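Asks: The listed protein sequences correspond, in order, to chains W and F.
Residues 9 to 566 (my numbering) make up the first sequence, in order.
Residues 2 to 136 (my numbering) make up the second sequence, in order.
Everything labelled a hint here was simulated from the structure, so no lab data went into it.
Careful, some of the hints might be misleading.
[To be verified] Covered stretches of chain W (in silico footprint by chain F; criterion: 3 or more residues with CB under 8 Å from a CB of chain F, positions within the stretch not fixed):
{"hint": "1", "region": "133-141"}
{"hint": "2", "region": "296-304"}
{"hint": "3", "region": "331-345"}
{"hint": "4", "region": "451-457"}
In this text, all values refer to a predicted model and were calculated from it rather than measured experimentally.
A virtual CB, placed ideally from N, CA and C, is assigned to each residue, including glycine.
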Amino acid sequence: MGAKEIREGVGKWEKNTLRRTLEASGERKEEFFTESGIPVKRLYTPLDLEGSDYVRDLAFPGEYPYTRGVYPSMYRGRLWTMRNYAGFGTAEDTNKRFRYLLKQGMPGLSVAFDLPTQIGYDSDHPMAEGAVGRVGVAVDTLADMETIFEGIPLDEVSTSMTINAPATVLLAMYIAVGEKQGVSQEKLMGTTQNDILKEFIARGTYIFPPEPSIKLVLDIVEYCYKHVPKWNTLSITGYHFREAGANAIQELAFTLADAVLYIEKARERGLDVDDFAPRLSYSLGCHRDLFEEVAKYRAARRLFAKIVKERFQAKKAASYLFRTYSGSCGSTLIPQQPLNNIVRVTMHALMGILGGHQAIHTACWDEGYAIPTEASARLALRTQQILAHECGLCDTIDPLAGSYYVEHLTDEIERQASEYLKKIDDMGGILAAIQNGFVYKEIQRSSVELQRRIDSGEKTIVGLNKFTMEDEEGFEEKDIFEFDPHAEILQKEKLASVKARRNGEEVTHALRSLAEAIDRNENLMPTIIHAVKQYASLGEICGVMREKWGEFRSPTYI
Amino acid sequence: MGERKIRVLIAKVGLDGHDRGAKIVARTLSDSGMEVIFTGIRQTVGEVVNAAVQEDVDVVGMSFLSGDHLVLVPKVLKGLKEAGRGDVMVLVGGVILKGHIPQLLGMGVQKVFLPGIPPAEIARYIKGNVVSRSR
């Protein structure tokens with residue numbers, strides 16, 4: 009049937025069939041929009057895909073432009089890695105939780121570090137007070153990393169680390185732990201998030217000004233290219249833009265703009281795009297709108313492949329792959345009637361699976377309150393296992409392809425994200441767009457708009473602005489994890505004891521070498537690896553960098 | 002003679018970088034006619050107290066999402082008192098266990114706002130309860 013017949017058919021349907029229903033009962037709303045404000049029509053038909061070309065735009069899994077998936081067999085060959093974010097308290101607490109999760113069938117680890125670690129402070133620093141071991145595990149010295157991974161063979165388990173400003177130090181510690189286990193760095197598998205640009209924009213755990221911060225990112229990219237070939241050096245992350253209030257289109261556009269900058273900077277350092285791009289990975293959020301999110305992932309793969317091919321002339325297919333680790337947007341979870349979050353998280357996993365991710369994180373229903381309990385962490389993992397094994401989701405590739413609606417959304421998101429990218433290019437790239445406030449203001453605009461829609465009731469959130477309950481049955485705060493403030497005392501004692509036992513002269517010498525390497529503008533990884541092996545602390549190492557580079561303070565826009 | 006606008010400091014104390022809620026509240030209060038100063042993220046207790054004194058605010062609103070409120074709130078309250086500004090209305094918002102609310106109120110926090118409260122309600126609360134400083 010050709011376009012002409014379909015157009016006529018639509019016309020007849022509207023006039024004969026639809027009109028009577030609309031006249032009788034109307035529709036729920038005047039207009040419908042996706043979560044990100046893309047208008048949604050009543051019905052999508054092949055007419056909405058006019059101008060699209062299957063072979064050019066969708067093609068085949070594992071082939072350019074990768075709309076249908078980065079690998080040829082996708083989940084028929086191998087499921088995604090279930091990789092739930094965990095870590096709290098002391099290294100001992102976290103080691104116990106990791107071993108529990110591995111025993112429950114979780115194939116990959118994802119380490120949550122506490123805020124002092126993420127910002128390069130030791131647990132005994134005044135700014136660390138009250139935050140030690142609170143939102144993740146506290147790491148001061150190599151001794152802590154040795155404990156976290158005790159009994160966990162690093163040549164079998166892959167580990168993702170949500171660490172950015174001090175990523176070089178934590179990677180150095182991981183390499184040192186591997187060495188002690190007899191696993192050489194060539195065999196290590198995992199990811200350092202290592203994406204400092206999104207810290208400046210949204211997440212807030214930056215330390216140094218942009219220039220030295222980006223230097224550190226590239227030190228990892230370069231070092232791993234040469235010595236840790238299986239390591240995903242950098243996970244370019246849009247998740248936090250979304251969590252800060254961005255919509256799906258902004259999330260994608262800013263992620264790709266960050267990718268462009270990292271690739272440009274790595275090339276300035278003399279690296280060939282095909283040497284490092286295959287080890288870049290990406291992270292996007294799983295939000296509320298199922299179809300829009302799936303379309304976002306599909307558009308992301310296609311747009312990224314085009315950029316790497318056309319703009320950077322990459323030759324290797326591996327350079328084109330937008331491999332992703334994605335997961336539950338915490339901001340979609342609410343504390344009211346918290347068990348409802350289990351359903352939301354199930355939807356997140358569904359989006360991730362239909363979107364073709366390589367690793368997926370599912371949040372725990374109680375995560376908005378506290379550190380998840382063992383039981384809620386297990387449930388989050390079981391959610392993925394049920395979807396993977398019971399529901400027939402993984403037996404064919406990219407099952408939503410060909411949906412007129414999803415293909416239309418995929419095209420639309422790609423188009424709008426490309427417009428943003430063009431605008432950012434015209435400003436001089438993402439650093440300029442951060443410095444002139446554009447990115448902050450764009451995110452704030454979407455954040456305010458979404459809040460307005462929720463406050464006005466235009467956007468329903470169950471349990472928040474509709475179907476609310478005065479007395480929330482079935483939930484008591486005593487069921488959630490109570491943080492043990494003793495962790496902070498234990499951690500400080502451990503740090504003091506490590507400092508007493510180590511060779512002080514070696515540490516002083518190692519820190520001096522680091523300062524000299526900074527002056528010579530060398531790749532700092534070798535000197536940092538040496539320093540952590542002497543049990544120099546994270547705070548001491550970052551302290552040297554703070555002295556040399558100073559600290560960054562972000563502008564604020566409300 | 003124009004009436005003095007209510008002056009509010011919205012603050013993020015400690016290392017937590019989640020500022021979406023704080024910014025939304027700041028924006029809402031500002032839209033409702035108050036003079037709002039937002040400290041930005043990762044402020045020390047001393048920085049927040051100084052800002053409250055220097056900006057001569059009537060209200061200090063602090064946002065916490067990483068669980069360190071029971072450690073940091075008393076320090077800010079103590080700092081304000083020592084700086085002679087024990088009269089400031091102190092509000093706390095964010096991810097706070099209900100079980101912690103009595104402790105916060107006992108310390109001298111005037112009200113705790115939990116997630117899901119429309120920001121406009123915070124504006125109404127301030128307008129209804131603040132004692133604006135006379136000059």
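Asks: Decide, hint by hint, whether the structure agrees.
Replies: Verification of the supplied hints:
Coverage of the region 133-141 of chain W by chain F holds [criterion: at least 3 residues with CB-CB distance below 8 Å; count 5]. A stretch counts as covered by a chain when three or more of its residues have a beta carbon under 8 Å from one of that chain; for the region 296-304 of chain W and chain F the count is 0, and the coverage is violated. Counting residues of the region 331-345 of chain W whose beta carbon lies closer than 8 Å to any beta carbon of chain F gives 4, which meets the minimum of three for the stated coverage. With 3 residues bearing a CB less than 8 Å from a CB of chain F, the region 451-457 of chain W meets the requirement of three and the coverage assertion stands.
Violation of the numbered hints given earlier is confined to hint 2; every other hint is satisfied by the structure.
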